[in-house]
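Enquirer: Heads up: the protein sequence lines correspond to chains A and B, in order.
Note that our numbering has the first sequence beginning at 1, numbered continuously upward.
Note that our numbering has the second sequence beginning at 1, numbered continuously upward.
In case anyone wonders, no lab produced these hints; they're calculated from the structure.
Any given hint could be a false lead.
Note: identical chains are not told apart, hence a pair may lie in one copy or across any two.
DSS-like cross-link-like pairs, simulated, lysine-lysine; straight-line CA separation at most 25 Å [as the list claims (entries may be wrong)]:
id, residue 1, residue 2
1, LYS83, LYS93
2, LYS220, LYS154
3, LYS16, LYS93
4, LYS43, LYS221
5, LYS83, LYS16
6, LYS110, LYS43
7, LYS221, LYS110
8, LYS221, LYS136
9, LYS221, LYS70
10, LYS220, LYS110
11, LYS183, LYS93
12, LYS93, LYS221
13, LYS154, LYS183
14, LYS154, LYS221
15, LYS122, LYS183
16, LYS221, LYS16
There are 2 protein chains.
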Amino acid sequence: MNRSETGDRKVVFAEKMSWLQDNLQYMGSLVEEAIGRSIEALKNQDMDLARAVIEGDDRIDQLEEEIEEKCLEVIATQQPMAKDLRRVATLFKMINDLERMADYATSISKITLRIADQPLIKPLVDIPRMAVLSQKMVKQSLDAYVREDVELAKAVGTDDDEVDQLFGQIFRELLTIMMENPKTITQATHLLFVGRWLERISDHATNIAEEVIFLVTGEKKNLNE
Amino acid sequence: MNRSETGDRKVVFAEKMSWLQDNLQYMGSLVEEAIGRSIEALKNQDMDLARAVIEGDDRIDQLEEEIEEKCLEVIATQQPMAKDLRRVATLFKMINDLERMADYATSISKITLRIADQPLIKPLVDIPRMAVLSQKMVKQSLDAYVREDVELAKAVGTDDDEVDQLFGQIFRELLTIMMENPKTITQATHLLFVGRWLERISDHATNIAEEVIFLVTGEKKNLNE
Numbered sequence: 001m002n003r004s005e006t007g008d009r010k011v012v013f014a015e016k017m018s019w020l021q022d023n024l025q026y027m028g029s030l031v032e033e034a035i036g037r038s039i040e041a042l043k044n045q046d047m048d049l050a051r052a053v054i055e056g057d058d059r060i061d062q063l064e065e066e067i068e069e070k071c072l073e074v075i076a077t078q079q080p081m082a083k084d085l086r087r088v089a090t091l092f093k094m095i096n097d098l099e100r101m102a103d104y105a106t107s108i109s110k111i112t113l114r115i116a117d118q119p120l121i122k123p124l125v126d127i128p129r130m131a132v133l134s135q136k137m138v139k140q141s142l143d144a145y146v147r148e149d150v151e152l153a154k155a156v157g158t159d160d161d162e163v164d165q166l167f168g169q170i171f172r173e174l175l176t177i178m179m180e181n182p183k184t185i186t187q188a189t190h191l192l193f194v195g196r197w198l199e200r201i202s203d204h205a206t207n208i209a210e211e212v213i214f215l216v217t218g219e220k221k222n223l224n225e
Numbered sequence: 001m002n003r004s005e006t007g008d009r010k011v012v013f014a015e016k017m018s019w020l021q022d023n024l025q026y027m028g029s030l031v032e033e034a035i036g037r038s039i040e041a042l043k044n045q046d047m048d049l050a051r052a053v054i055e056g057d058d059r060i061d062q063l064e065e066e067i068e069e070k071c072l073e074v075i076a077t078q079q080p081m082a083k084d085l086r087r088v089a090t091l092f093k094m095i096n097d098l099e100r101m102a103d104y105a106t107s108i109s110k111i112t113l114r115i116a117d118q119p120l121i122k123p124l125v126d127i128p129r130m131a132v133l134s135q136k137m138v139k140q141s142l143d144a145y146v147r148e149d150v151e152l153a154k155a156v157g158t159d160d161d162e163v164d165q166l167f168g169q170i171f172r173e174l175l176t177i178m179m180e181n182p183k184t185i186t187q188a189t190h191l192l193f194v195g196r197w198l199e200r201i202s203d204h205a206t207n208i209a210e211e212v213i214f215l216v217t218g219e220k221k222n223l224n225e
């Protein structure tokens, strides 16, 4: 291969990577939106919105497939080496995390539909707070990838600690409510699951952040202690 | 490339795939074991065993890393095309599912440690049944990959339905126990999470089975309806 061919290949690879990153961030924005809407629907007992989240999951699954296909195509046709291959492989893993997060937003929306026929046992404050943090983590973990920004990736880990703390708080509070009034048990249990799903969403964002750190530094870091 | 070079490349690729598959199945056996032991520890309130599961998770994480590295190495050095590339990519995704399953076994073991100071509120029957089914699903989904056996992959989906049903049963039973006796609420909630983690483990096995079906037939099938 002469120098100009190598140069051409680099240009084509950069173009493909740029397509991949754009679509990764687009997928991320859909996932962020799904998280936000699933909690808004829960809070306002808005069944239409909950259904919209569930229906929107297909688009996210489809996007995952498209990006995955493109990753494999880039690997097959561009045969990237070393760091470039790792870049594609990391993105390939990340979209899987994103897809799982969207599944959790769907699970939350299913719970919303289940408990929509009864008033909420408490105004939701900490759960929406967890959701806002998770959304921020999703965005920042993807930005950290695109910019290869290790500090930003580490910040995702800090937010994850806060999400875990909030969940601990919610857990204790809901247990107390259940013990005081056994009639609340069914709904409280469902709300506990919502908290857990948000915690898992933030774990996935943390996974992504760890992958980014590994990509940039070659160091395996556990941000989720 | 002349015919003998192509032949050599095929032989080398087959050797690498064989290493990957062996290690995939080894990792699968560790995950199966972790699931089984986490439930045994829970059932017998065996804190040492629970701790062993938690400690064993590092080995599984490490194995995931090793296999992942090898996948990238095979892609970079062998530059497999079409179906072969997809084989490697599928395996790459599968080990991620396996790693997540092991995380759930760890989460279960942490619950065991938390509730070890109090007698169980009920003898555990359905939870161990879910665990046995999940273990079978892990094994069969990996076997389905190695043999490219679509029927076996579909059978994993059938088991998943049974796991979901068992979880529904456990959910209703634990709610009843909590309502009858609010003192049981804390432990019952923890046991509910154990049920959910097992359900998620079986979802991951189902993911793998779906990947296998896609690899063999090119068809995206949702086994988890």
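Enquirer: Taking the hints in turn, state whether each one holds.
Expert: Against the structure, the hints:
1. LYS83 - LYS93: both (15 Å within a copy, 19 Å between copies)
2. LYS220 - LYS154: within (12 Å within a copy, 36 Å between copies)
3. LYS16 - LYS93: both (17 Å within a copy, 21 Å between copies)
4. LYS43 - LYS221: Answer is neither; intra-copy 36 Å and inter-copy 33 Å both fail.
5. LYS83 - LYS16: Answer is both: 15 Å inside a copy and 21 Å across each meet the 25 Å cutoff.
6. LYS110 - LYS43: within (13 Å within a copy, 31 Å between copies)
7. LYS221 - LYS110: between (34 Å within a copy, 21 Å between copies)
8. LYS221 - LYS136: within (20 Å within a copy, 32 Å between copies)
9. LYS221 - LYS70: The answer is between: 20 Å across copies meets 25 Å, while 28 Å in one copy does not.
10. LYS220 - LYS110: Only across copies: LYS220 and LYS110 sit 23 Å apart there, 36 Å inside one copy, limit 25 Å.
11. LYS183 - LYS93: The answer is neither: 43 Å in one copy and 43 Å across copies each exceed 25 Å.
12. LYS93 - LYS221: Classified as both; 16 Å inside a copy, 20 Å across copies.
13. LYS154 - LYS183: Neither: 42 Å inside a copy, 41 Å across copies.
14. LYS154 - LYS221: The answer is within: 9 Å in one copy meets 25 Å, while 37 Å across copies does not.
15. LYS122 - LYS183: both (13 Å within a copy, 21 Å between copies)
16. LYS221 - LYS16: Answer is neither: 29 Å inside a copy and 28 Å across each miss the 25 Å cutoff.
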